[in-house]
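> Single-letter residue listing:
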Amino acid sequence: MMRTMPTPAITTVALVGNPNCGKTTLFNALTGLRQKVGNYPGVTVEKKEGIVSSVNGRDITLLDLPGTYSLIASSPDEQVVADVLLGSLKNTPVPDAVICVVDASNLERNLYLVSQIIDHGLPTIVALNMMDVAEQSGVRIDVRHLSDALGVPVIPTVAKKNKGTDDLRAALLAGPAPSSRAMQWTLPETVQRELDELSGMLSAAHKYRSVVAHHTALLLLSSPAAPDEGRTDISPEIRAHVRQDHEKLDFLGIDRYSVFIEARYKWIKQVCAYASSPSLSTGASLSDRVDAVLTHKFWGVLIFFALMSVMFQMIFSWAELPMDLIGHGFDAVSARVGSVIPPGDVHDLIVNGVISGVGAVVMFLPQILLLFFFLSILEDSGYMSRAAYVMDRIMSSVGLHGKSFIPMLSSFACAIPGIMATRTIEHPKDRLVTILVSPLMSCSARLPVYALMIAAFIPQYTLLGVVSLPGVVLISLYALGLVAALAMAWTLKKTFLKGTSLPFLMELPPYKMPSLKSTAIHMWERGFIFLKKAGTIILGISIVLWFLATYPKTENATPSERLAQSFVGRAGKFIEPAIKPLGFDWKIGIGLLSSLLQREVFVSTMGTIYNIQDDSAGSMREAMQRDVNPDTGKPVFTALTAICIMVYYVLAMQCLSTLVVVRRETNSWKWPAFQFFYMSALAYAVTFGVYRAGLMLGY
Amino acid sequence: MDWQQIASLCIVALSAALLVRSSLVKKKKRGSSACGSCDGCGNKERP
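Same order as they appear, the protein sequences are chains A and B. Numbered continuously in this note's numbering, the first sequence closes out at residue 703. Numbered continuously in this note's numbering, the second sequence closes out at residue 27.
Since the hints were made in silico from the structure, they are not lab data. Beta carbons are placed, not taken as given, at the ideal position from N, Cα and C, and that holds for glycine. Please note: incorrect hints may appear among the correct ones.
To be verified - Some chain B residues close to chain A (C-beta under 8 Å, calculated; not the full set):
{"id": "1", "residue": "Asp(-18)"}
{"id": "2", "residue": "Gln(-16)"}
{"id": "3", "residue": "Ile(-9)"}
{"id": "4", "residue": "Val(-8)"}
{"id": "5", "residue": "Ser(-5)"}
What the hints assert, rightly or not - Label-pair distances were calculated between CB atoms; the ranges are:
{"id": "6", "chain 1": "A", "residue 1": "Ile525", "chain 2": "B", "residue 2": "Leu(-11)", "range": "26 to 36 Å"}
{"id": "7", "chain 1": "B", "residue 1": "Val0", "chain 2": "A", "residue 2": "Leu468", "range": "49 to 59 Å"}
{"id": "8", "chain 1": "A", "residue 1": "Leu512", "chain 2": "B", "residue 2": "Val0", "range": "45 to 55 Å"}
{"id": "9", "chain 1": "B", "residue 1": "Val0", "chain 2": "A", "residue 2": "Lys577", "range": "23 to 33 Å"}
{"id": "10", "chain 1": "A", "residue 1": "Phe681", "chain 2": "B", "residue 2": "Ala(-7)", "range": "28 to 38 Å"}
{"id": "11", "chain 1": "B", "residue 1": "Ala(-7)", "chain 2": "A", "residue 2": "Phe500", "range": "43 to 53 Å"}
{"id": "12", "chain 1": "A", "residue 1": "Ile398", "chain 2": "B", "residue 2": "Leu(-11)", "range": "50 to 60 Å"}
In isolation and in its complexed conformation, chain B is listed as follows:
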């Protein structure tokens, strides 16, 4: 493995981790909003 392979795999792993993390954070934040269209305004009122 050359340095380019190692570096590229590190970037891929980091990107995958960030993608998973952002989707988990979004899911958590959506739990506090009524609509799910934003990151959560705290409006729990249902239509």
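Bound-form chain A, shown alone:
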């Protein structure tokens, strides 16, 4: 049965659909207006109107609404769609009918919106668009069966070829009716009872129309937060009732957000099984099969962490040989220069300042290149979106959603593009929280610090015959950054930046083979930036640091005493009491001070001061291993000290560029100042805790 009641002549029709379903193309085909059609999701960002020229002279106004996956709105664009269909948008009357455009090649996902629209009780026509694409991919849809299952007319169209548009016009003129198949999906009994009760209360208290009451009740029940924020339009009694409902459903272990989605999809699957070929309804494509594993609640998360572990193990083991080669290369250059220039200040400056400082950083180029090699492959293959999807569950536990994980993943490379990527987050508070925690993710600038400490002080054990201890330590540092970011996000969402988290829907891009060319270009660009920094800023800082570590000169003193009497030595001694509780001496203090603006400078600083202090042959690493504290007679660097330094660098905000970008993105110095102080305090407190715990355990 298709129609239940006749409808009066329609004058206004809303055109709705998922992003990229060909909605704007169909709008152009029906109205004759020409608009720009792009491939970007949500290309239509404004309300647009056009006139459908009809056969018998009656004009119908067509509203082109923004693309959306759901009427449970998460962005301002999507809110417009829900508001128009509910009639809650000023100066926009409720449309007489809706044309819901559906991508036939992606029926199941598109029917989610259709099911929400037919529940609204508006006369609806489904335009089954992109039929040619569906047929090419072997999808067969029985239009009559689909129409029967949805209870609305279904018109096959190919908008870009203007096919089916006459049938659509004719269907509009015939006057569609509300679906007879609304609310066919079944909720668990308890949830349904609460939904009906709440709808009834809203209708009685606020005189809502039944459809508005139902939609609002559904929104309130499925919301992750209590309705105190931003819902002042709801009476206190109803808000209290909703809180009770939340507690009750949470107590019963019902995921209030997923339960509605799953119920709808259960019904949609039945519709697909009835109306389309088995291959479509079972979704058995290779991509779907891969996604079933990679986005699985348990296996997806496990695979994500396994992939990250393999990545960091490989970064460490693969980089070893080229790093040694670069190290030997710098040693050879140093020896050659040393033999050409006679002993004196210029000799010291070139050997101890320039070559040691710059060489100490450049040595880590292979690790940087490998990091970007893996990140580029993960991104190009389409896996990053799956990672964001599987992390949504973890992110939602701290009050954010999967969309926030993409900027955090980008921050593995550098916090600056990560912070820029937060622009896609709709909710301002969620965006600010993501900006504030993203720099806790270990960026590539921290990698040289980690690599230096691990190579020098972490023993080369192999666990279970396959996993190397240095690799495990490296993964742990990245994991610490992630855990700290999540913990801070949770704290911020519970304190300064309280707010409701929005539902997360994202389109997973198709898998594709990563392009070797684009990966190589990406590695080249990042490698070039790294080398440019080493050849300019780090070179300059190394030269200045050499001066500060050499002057004022002390006659008749050992190299170590001369360094202690130098400008940087005095500065290091000055801050030593503050950093001593962390297990750091004044030389590490020099490193902390000099790397306040850029983290990698710590490595070049160590290169310079250990070359000045230790004249004997051997690498910087060996000089650090040999260094003994004259007061205690114990080594300056132990495995515990190295771990404390790395923990400090995971958590501390030692990057001026990031602070400047945060200032620009938040339009205030308040947030970067807050970020600098909270990260410094966190780094100090956690490092102190690690050091004390290490001492207690006898390290």
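Using the hints provided, position chain B relative to the given structure of chain A.
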């Protein structure tokens, strides 16, 4: 002061001056970009 000391101090002074200059230039260029992550593309659009 021998020639090596004079030469090394000149290199240090030049490096310090270049460092200060580059940071000032960066600051000036950042003023014209929205993000500060590059040397300025002229995109003044705020998110």
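> If a hint holds in the structure, say so; if it doesn't, say that too.
Hints, one by one, checked against the model:
no.: 1; hint: Asp(-18); in the structure: 6 Å, holds
no.: 2; hint: Gln(-16); in the structure: 3 Å, holds
no.: 3; hint: Ile(-9); in the structure: 6 Å, holds
no.: 4; hint: Val(-8); in the structure: 4 Å, holds
no.: 5; hint: Ser(-5); in the structure: 4 Å, holds
no.: 6; hint: A:Ile525 to B:Leu(-11): 26 to 36 Å; in the structure: 42 Å, violated
no.: 7; hint: B:Val0 to A:Leu468: 49 to 59 Å; in the structure: 53 Å, holds
no.: 8; hint: A:Leu512 to B:Val0: 45 to 55 Å; in the structure: 49 Å, holds
no.: 9; hint: B:Val0 to A:Lys577: 23 to 33 Å; in the structure: 26 Å, holds
no.: 10; hint: A:Phe681 to B:Ala(-7): 28 to 38 Å; in the structure: 34 Å, holds
no.: 11; hint: B:Ala(-7) to A:Phe500: 43 to 53 Å; in the structure: 46 Å, holds
no.: 12; hint: A:Ile398 to B:Leu(-11): 50 to 60 Å; in the structure: 55 Å, holds
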